[in-house]
Amino acid sequence: DAGVIQSPRHEVTEMGQEVTLRCKPISGHNSLFWYRQTMMRGLELLIYFNNNVPIDDSGMPEDRFSAKMPNASFSTLKIQPSEPRDSAVYFCASSSLGATETQYFGPGTRLLVL
Amino acid sequence: KNQVEQSPQSLIILEGKNCTLQCNYTVSPFSNLRWYKQDTGRGPVSLTIMTFSENTKSNGRYTATLDADTKQSSLHITASQLSDSASYICVAHAGNSGTYKYIFGTGTRLKVLA
Chain A
1 DAGVIQSPRH
11 EVTEMGQEVT
21 LRCKPISGHN
31 SLFWYRQTMM
41 RGLELLIYFN
51 NNVPIDDSGM
61 PEDRFSAKMP
71 NASFSTLKIQ
81 PSEPRDSAVY
91 FCASSSLGAT
101 ETQYFGPGTR
111 LLVL
Chain B
1 KNQVEQSPQS
11 LIILEGKNCT
21 LQCNYTVSPF
31 SNLRWYKQDT
41 GRGPVSLTIM
51 TFSENTKSNG
61 RYTATLDADT
71 KQSSLHITAS
81 QLSDSASYIC
91 VAHAGNSGTY
101 KYIFGTGTRL
111 KVLA
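Residue numbers (my numbering), protein chains in the order written: chain A, 1 to 114; chain B, 1 to 114.
Think of the hints as simulated: they come from the structure by calculation, not from any bench.
Predicted model only: the values in this text are computed from it and were never measured.
A hint or two may mislead.
Covered stretches of chain B (in silico footprint by chain A; criterion: 3 or more residues with CB under 8 Å from a CB of chain A, positions within the stretch not fixed) [stated by the list, open to error]: (1) 45-51; (2) 101-114.
Below are the DSBU-like pairs computed for lysine-lysine, each with C-alpha atoms no more than 30 Å apart in a straight line [claimed, not checked]: (3) Lys24(A) with Lys101(B); (4) Lys68(A) with Lys101(B); (5) Lys78(A) with Lys71(B); (6) Lys1(B) with Lys24(A); (7) Lys37(B) with Lys68(A); (8) Lys57(B) with Lys71(B); (9) Lys37(B) with Lys1(B); (10) Lys101(B) with Lys78(A).
A virtual CB, placed ideally from N, CA and C, is assigned to each residue, including glycine.
If we strip away everything but chain B, and leave its shape as in the complex, we get:
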């Protein structure tokens, strides 16, 4: 069964601190894995997209890692800012030959405090 599990469900950190969000996925055949940031009341915004052959990708203070062997991904946020407060959604993309399935995690809600 295709599924994506994220942890923790929620997280509170102080401004300036680092944090790491986890995503475990079981999808077949695996195509790519995406991390989105979603501010309250807005649409998701893509942070990173990683294929099977990529094991790390950065977007500013956001760094995603992918371990295709253990089927795990993480999103590391460095020097957090108040604006990082949002939900972070992991999405595994399964399929090939033009037909794809998107399997969504339920997200990690991050709150950054001053």
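Pulled out of the complex, with its shape left as it was, chain A reads as follows:
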């Protein structure tokens, strides 16, 4: 299996632009997670889906952030409009359903908003 696939790996954009991050989970996994990591705040869970349904989005920082999972093999995290403080590494992870299942992380998207 190729593991969790994220694209793009790096993104540089200007403040105010829309940013879309993409994730393909491991085939057969039913849970998908979006995380953000910064030096200041460490790793934070933004939102997670079970069977394509958003379960908890309380970690999404603002209305500028939105996430979708139209099917079991694809999810997007969108930031519109982007701001410099959104600069971070965004990780996607997937797992089988269940509280004690191992999460497998993708390589991350490094976002820089100028």
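Could you slot chain B onto chain A? The hints should help.
Same frame as chain A, now just chain B:
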């Protein structure tokens, strides 16, 4: 308030030596505790997951312990190798009935020297 504290913040050891990383957590209701290893520039990789009823779990040279009474966990690395140089993140998983919260520690940065 749910929180996870890790110590030390950073650690330098010589190759071949053992070390122990600490994690104190305050979460309710407790579901499980996870240790991740994160190499620089990569996504976290799961090392161990422990539930309330487990007090030790090993993954190769990594051994995690959990004391649910004192709400403490440790990660012991035996015979360290250069490849152990990474950040180690403790994550407490709180919740039940399908709704969960992930509370992250800020990590311990380990450097193993030759």
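For this session: Find the hints from earlier in the document that the structure breaks and name them by number, from lowest to highest.
Result: 5, 6
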